[in-house]
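Participant: As they're listed, the protein sequences go chains A and B.
Counting from 57, one number per residue, gives the positions in the first sequence under our numbering.
Counting from 57, one number per residue, gives the positions in the second sequence under our numbering.
Bear in mind the hints are in silico, worked out from the structure with no lab data behind them.
Any given hint could be a false lead.
If chains are identical, the list can't say which one is meant, so a pair holds when it fits in one copy or spans any two.
Stated by the list, open to error - Only pairs whose alpha carbons sit at most 25 Å apart, straight line, appear in this in silico BS3-like list of lysine-lysine:
| # | residue 1 | residue 2 |
| --- | --- | --- |
| 1 | K181 | K205 |
| 2 | K166 | K205 |
| 3 | K166 | K181 |
| 4 | K205 | K127 |
| 5 | K127 | K181 |
Protein chains: 2
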Amino acid sequence: MSHERLLAICAERMATADVAYLTNVDANGYPKTRAMLNLRNRDQYPGQIELYADHTQDLMTYITTNTGSQKRGELEANGRISLYFCHPGDFFGVNLTGDAEIVDDLDIKKTLWVENWAQYFPTGKVDDPDFTLLRLYPREVRGWNRGEKFAFELPS
Amino acid sequence: MSHERLLAICAERMATADVAYLTNVDANGYPKTRAMLNLRNRDQYPGQIELYADHTQDLMTYITTNTGSQKRGELEANGRISLYFCHPGDFFGVNLTGDAEIVDDLDIKKTLWVENWAQYFPTGKVDDPDFTLLRLYPREVRGWNRGEKFAFELPS
């Protein structure tokens with residue numbers, strides 16, 4: 057199967073996965089994983105579908121977190137992350153690796169903002185200093201699609 | 057909540073999670089995650105319940121993989137891994153970190169072996185050289201339990 061077709065399948069599967077698994081590497085070199093909001097889920101975030109429309113081939117993905125969280129500090133020290141999306145019942149899983157960027161652009165933050173996120177941040181507003189936005193342009197794509205393994209790099 | 061109580065909750069949650077998410081760190085320092093068989097799942101592996109009975113407080117866990125897989129090579133170079141178990145709908149997730157050991161003991165392998173694993177290995181037998189068994193005694197336990205964060209170390 058072509059990489060183009062596989063990327064389109066990944067984008068489609070990412071759009072229906074319940075959560076995204078974010079892993080970073082701590083100061084001692086150990087990985088740390090946690091389930092995060094999957095902003096590419098089109099049922100949960102219909103207002104964000106537009107944002108990813110041109111990104112079915114590079115799989116660019118946004119992730120939100122709290123500025124105060126330990127992981128932001130760790131990400132500043134070491135931006136190497138993976139994002140994993142899966143549908144275990146369908147034997148589909150994709151792991152995206154690359155370097156997380158911290159996005160300060162308030163316009164992008166406003167486009168992403170969902171009203172009920174207010175509960176996660178002290179001021180309850182999109183410009184809350186505790187609202188951190190991460191972006192990943194993956195460099196490596198690796199996984200399984202219906203029992204078939206795939207692994208390839210994406211251009212930077 | 058005491059660590060003892062939290063560990064018991066983690067053991068219980070691990071026993072009902074569908075899959076385990078294994079992450080290692082590749083030669084370039086990037087994390088790689090994939091869903092694995094959760095050998096602590098008591099419905100899927102009733103024959104293995106006994107094995108974990110004395111491990112509700114240290115959360116020792118076995119993971120199977122293929123000797124030939126790229127991850128075995130990476131694990132030999134860098135044994136730092138995490139195992140993540142979660143129930144997203146219940147706001148529960150636990151990340152266990154530590155160093156993976158490769159277990160060569162054929163008696164342990166026989167105790168774990170499940171008939172339908174034959175399909176994963178060339179000879180279809182428990183002593184297949186492609187059948188690799190990993191064991192993790194976690195050193196750090198970190199996660200969320202019904203909206204409450206926890207993080208602590210386990211004695212080595």
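Participant: Run every hint past the structure and note whether it holds.
Facilitator: Verification of the supplied hints:
1. Taking the shortest alpha-carbon separations for K181 and K205, only the inter-copy value of 23 Å comes in at or below 25 Å, while the best intra-copy value is 43 Å.
2. Taking the shortest alpha-carbon separations for K166 and K205, neither the intra-copy value of 38 Å nor the inter-copy value of 28 Å comes in at or below 25 Å.
3. Taking the shortest alpha-carbon separations for K166 and K181, only the intra-copy value of 10 Å comes in at or below 25 Å, while the best inter-copy value is 57 Å.
4. In the homo-oligomer, the alpha carbons of K205 and K127 lie at most 25 Å apart only across protomers (13 Å), although the nearest pairing inside one protomer, at 30 Å, exceeds that limit.
5. With identical chains, the CA atoms of K127 and K181 are at most 25 Å apart within one copy only, with a shortest distance of 21 Å there and 43 Å across copies.
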